[in-house]
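**Student:** In case you want the letters, here they are:
There are 2 protein chains.
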Amino acid sequence: MSLNIAKNNKKRAVIVGGGFGGLKLANKLKKSGFQVVLIDKNNYHQFPPLIYQVASAGMEPTSISFPFRKIFQHRKDFYFRMAEVRVIFPEKNMIQTSIGKAEYDYLVLAAGTTTNFFGNKHIEEEAMPMKNVSEAMGLRNALLANLERALTCSTKQEQQELLNIVIVGGGATGIEVAGILSEMKRFVLPNDYPDMPSSLMHIYLIEAGPRLLAGMSEDSSLHAEKFLREMGVNILLNKRVIDYRDHKVILEDGTEIATRTFIWVSGVTGVTIGNMNPSLIGRGGRIKVDQFNRVEGMDNVFAIGDQCIQSTDESYPNGHPQLAQVAIQQGELLAKNLIRLEKGQEMKPFHYRNLGSMATVGRNRAVAEFSKVKMQGWLAWVMWLVVHLRSILGVRNKVVVLLNWIWNYFTYDQSMRMIVYARKAKEIRDREKVEATTHLGQDLLSEDQ
Amino acid sequence: MSLNIAKNNKKRAVIVGGGFGGLKLANKLKKSGFQVVLIDKNNYHQFPPLIYQVASAGMEPTSISFPFRKIFQHRKDFYFRMAEVRVIFPEKNMIQTSIGKAEYDYLVLAAGTTTNFFGNKHIEEEAMPMKNVSEAMGLRNALLANLERALTCSTKQEQQELLNIVIVGGGATGIEVAGILSEMKRFVLPNDYPDMPSSLMHIYLIEAGPRLLAGMSEDSSLHAEKFLREMGVNILLNKRVIDYRDHKVILEDGTEIATRTFIWVSGVTGVTIGNMNPSLIGRGGRIKVDQFNRVEGMDNVFAIGDQCIQSTDESYPNGHPQLAQVAIQQGELLAKNLIRLEKGQEMKPFHYRNLGSMATVGRNRAVAEFSKVKMQGWLAWVMWLVVHLRSILGVRNKVVVLLNWIWNYFTYDQSMRMIVYARKAKEIRDREKVEATTHLGQDLLSEDQ
Numbered sequence: 054m055s056l057n058i059a060k061n062n063k064k065r066a067v068i069v070g071g072g073f074g075g076l077k078l079a080n081k082l083k084k085s086g087f088q089v090v091l092i093d094k095n096n097y098h099q100f101p102p103l104i105y106q107v108a109s110a111g112m113e114p115t116s117i118s119f120p121f122r123k124i125f126q127h128r129k130d131f132y133f134r135m136a137e138v139r140v141i142f143p144e145k146n147m148i149q150t151s152i153g154k155a156e157y158d159y160l161v162l163a164a165g166t167t168t169n170f171f172g173n174k175h176i177e178e179e180a181m182p183m184k185n186v187s188e189a190m191g192l193r194n195a196l197l198a199n200l201e202r203a204l205t206c207s208t209k210q211e212q213q214e215l216l217n218i219v220i221v222g223g224g225a226t227g228i229e230v231a232g233i234l235s236e237m238k239r240f241v242l243p244n245d246y247p248d249m250p251s252s253l254m255h256i257y258l259i260e261a262g263p264r265l266l267a268g269m270s271e272d273s274s275l276h277a278e279k280f281l282r283e284m285g286v287n288i289l290l291n292k293r294v295i296d297y298r299d300h301k302v303i304l305e306d307g308t309e310i311a312t313r314t315f316i317w318v319s320g321v322t323g324v325t326i327g328n329m330n331p332s333l334i335g336r337g338g339r340i341k342v343d344q345f346n347r348v349e350g351m352d353n354v355f356a357i358g359d360q361c362i363q364s365t366d367e368s369y370p371n372g373h374p375q376l377a378q379v380a381i382q383q384g385e386l387l388a389k390n391l392i393r394l395e396k397g398q399e400m401k402p403f404h405y406r407n408l409g410s411m412a413t414v415g416r417n418r419a420v421a422e423f424s425k426v427k428m429q430g431w432l433a434w435v436m437w438l439v440v441h442l443r444s445i446l447g448v449r450n451k452v453v454v455l456l457n458w459i460w461n462y463f464t465y466d467q468s469m470r471m472i473v474y475a476r477k478a479k480e481i482r483d484r485e486k487v488e489a490t491t492h493l494g495q496d497l498l499s500e501d502q
Numbered sequence: 054m055s056l057n058i059a060k061n062n063k064k065r066a067v068i069v070g071g072g073f074g075g076l077k078l079a080n081k082l083k084k085s086g087f088q089v090v091l092i093d094k095n096n097y098h099q100f101p102p103l104i105y106q107v108a109s110a111g112m113e114p115t116s117i118s119f120p121f122r123k124i125f126q127h128r129k130d131f132y133f134r135m136a137e138v139r140v141i142f143p144e145k146n147m148i149q150t151s152i153g154k155a156e157y158d159y160l161v162l163a164a165g166t167t168t169n170f171f172g173n174k175h176i177e178e179e180a181m182p183m184k185n186v187s188e189a190m191g192l193r194n195a196l197l198a199n200l201e202r203a204l205t206c207s208t209k210q211e212q213q214e215l216l217n218i219v220i221v222g223g224g225a226t227g228i229e230v231a232g233i234l235s236e237m238k239r240f241v242l243p244n245d246y247p248d249m250p251s252s253l254m255h256i257y258l259i260e261a262g263p264r265l266l267a268g269m270s271e272d273s274s275l276h277a278e279k280f281l282r283e284m285g286v287n288i289l290l291n292k293r294v295i296d297y298r299d300h301k302v303i304l305e306d307g308t309e310i311a312t313r314t315f316i317w318v319s320g321v322t323g324v325t326i327g328n329m330n331p332s333l334i335g336r337g338g339r340i341k342v343d344q345f346n347r348v349e350g351m352d353n354v355f356a357i358g359d360q361c362i363q364s365t366d367e368s369y370p371n372g373h374p375q376l377a378q379v380a381i382q383q384g385e386l387l388a389k390n391l392i393r394l395e396k397g398q399e400m401k402p403f404h405y406r407n408l409g410s411m412a413t414v415g416r417n418r419a420v421a422e423f424s425k426v427k428m429q430g431w432l433a434w435v436m437w438l439v440v441h442l443r444s445i446l447g448v449r450n451k452v453v454v455l456l457n458w459i460w461n462y463f464t465y466d467q468s469m470r471m472i473v474y475a476r477k478a479k480e481i482r483d484r485e486k487v488e489a490t491t492h493l494g495q496d497l498l499s500e501d502q
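One line per chain: the protein sequences are A and B, in this order.
Per our numbering, the first sequence starts with residue 54, numbered consecutively.
Per our numbering, the second sequence starts with residue 54, numbered consecutively.
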């Protein structure tokens, strides 16, 4: 098995990951003279800022994602392959993926991050992460099933576990999901479950650090905290979660909080590639790169976006924040730099233009900060809506998301409250078993290309 | 564990299944003086006529379904419980469900049908049914994954298996899915997979009987067949599928068709309740009922819709066709009859008013027949759209479905081509294991109610 892409006389740029960075890079390499190969484990680009709305039953996965093949329809010299990259062989300019191997002239790693459980296998098994639409759909289904179960379970203890929601991690995702679930508690629960007082539901937001939204200003942190407290969220700061046992979240200070809805959005770590030398990996599991996003010690291997850490930008000696804008700007510059390289020109170093950051807590409530301006409340919320609507790919998705928002705003309703799991066909289960047993680099031993 | 519904001084009507029949019945019992309990294994009503559009990536599950709790918001004396009914104890007026037991004064079985594999366990394991949104999402994911795989698999043989699609069953669902997949082959495949000739894909529609759409007139059958042949579908009539082995569908005459997309829409059988006496079950696994939809030999147990068979209607001595309209009309009449019973009045017998039937083959192509009129082509197609749009529950869904249709019509695109499986949380997996081991009637042995 191979990726089955004919080599032509063009240089081949293989991009691993079609998030904000990889997608921008692939777009900017249009008509550049490169053969572009995009590899992603999903067949679609997803829009992480709205994943929490999928989890809360306000948005469909298909409204915030876009199939790669559709994005790149009619694009010449472009190939998409759905696969996971397992191993890189820099000396052979070759990668091994779950569906075979492929050669490259330039390799760009843009696979982003995965949820960080800080080595706690037990929490990893029990907690619900929310890093992609698949996990968000799983969380939606679990939330709704827990509410149904709470009506009919045998004991008050179990009912309390089913109704309590614990969110670990006070970053943007944590406050966004806490906010939207508190709205669900207030506006949906009393109507859907009239025989179950919504006051029984308690929402906890636990943060190990001293404040929410550590990546933003103290002012924004305080506003977000104030908004959430007004909305009835129990905020615990400076509290570290160390375990989850018998349907209880255990804090370092011994406190226990009963819950069966244990949401983990406490941090991320760079996606790892099987054989990468540990010396190349920096803080947060991120691949160390130079000012041109080149992986240290390699000529033609690059990393961009959340997956890399670059400490050459004067204003960001500890690396850039892991934000969409960094990935987009790095993808944009790298496209130019690859073209320059081919022309025998010098590459240009990366400098991040900070376009600001924002987070939304609920209807009419958000915090936003730009280079000189800070905003809170309604205006920040409108800004948030506009910025995110503009960023979503595709006219159809923009329309659908906007209509959803308008509908949800006026009805106070998260209307997609169906518990649906796609039935996995035997053909697919069989194939996954085979792929899972494809060992690292195994294929390279065989003769076939 | 119990269903946890307080008994009051009202008579309790328990309805099992919230499809067309059960939902109509529950609606018509509003303000009737009954306490209504609706039990369904899903927390939403679904709209079967559009499930094939979910499978073909043209529609979201949430656009063609509606949460029961939302339908019945603010309804007095109404209870929804998500559960499966396992056993009926008529002498105790009690049912045992997956979440405990409940008493009833009247019990109405409206659980519909399930896919009929005619006892072939092997086909049951390998084939993809398409009876609900979960299966439709599974089929969508498998279809898309097979196309991705076809690009990179090792052999021409495997590629052909991945590209061939075999649909078994020439009823309305079979022709609808054959039609929409042939449109996908024509309009989507060449754009999404420019390096894979769409002529490699072959779509087979296999029917054991002598014609398609056996439930409609010969005229409609011939038109449907003609439309599908024009669209490039290979139609095999009078061919019986007996097995699926080594990625091949095996016909009775020895013919083998290679495929890894083996869709089974060949028939249905009534949903079975654990301890029901076989003498009560008629043709097609349907529960035998009298002219009032009362289960034979029981006073206060009824069955309506696809799950029952009624041979007392003069024009339908072999039972009614399994259509939405029959279920709706039976639900409507049964509501009146239950109210009559409570008033000490005689019940009225059921007579089906045939409002016609229709099936769509593709854009601008459908067949429809009403008592005196038969239509084909564009006019029938428009009728089909209007009738189905009117029948979908909820303003939001109507708007979303209409916009989707308009979008798909003008773009020739089934745009939801993302492969997404909801990640199943450990809490839910654990609970399912426990429920699966709840034996039939086990709870009744214990003392707790």
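Derived from the structure by calculation, the hints contain no laboratory data.
Each hint should be verified, as a subset may be incorrect.
Since copy identity is lost for identical chains, a pair holds within one copy or between any two.
[Said to hold, decoys possible] Keeping only pairs whose Cα atoms sit at most 27 Å apart, straight-line, the calculated DSSO-like set for lysine-lysine is: (1) 184 with 477; (2) 145 with 184; (3) 94 with 477; (4) 129 with 486; (5) 209 with 60; (6) 486 with 174; (7) 184 with 279.
None of the values given here were measured: they were computed from a predicted structure.
**Student:** Against this structure, judge whether each hint is valid.
**Tutor:** How the hints compare with the structure:
Both within a single protomer and between protomers do residue 184 and residue 477 lie at most 27 Å apart by alpha-carbon distance, with minima of 21 Å and 14 Å respectively. Taking the closest pair of Cα atoms, residue 145 and residue 184 never come within 27 Å of each other, the shortest separation being 33 Å inside a single copy and 50 Å across copies. With identical chains, the CA atoms of residue 94 and residue 477 are at most 27 Å apart both within one copy (17 Å) and between copies (19 Å). Taking the shortest alpha-carbon separations for residue 129 and residue 486, neither the intra-copy value of 34 Å nor the inter-copy value of 50 Å comes in at or below 27 Å.
In this assembly of identical chains, the alpha carbons of residue 209 and residue 60 lie at most 27 Å apart only when taken from different copies (20 Å versus 65 Å within one copy). For the homomeric pair residue 486 and residue 174, the shortest alpha-carbon distances inside one copy (22 Å) and between copies (22 Å) are both at most 27 Å. Taking the shortest Cα distances, residue 184 and residue 279 sit within 27 Å of each other inside one copy (26 Å), while across copies they are farther apart (48 Å).
Taken one by one, the earlier hints fail for this structure at numbers 2 and 4, listed in ascending order.
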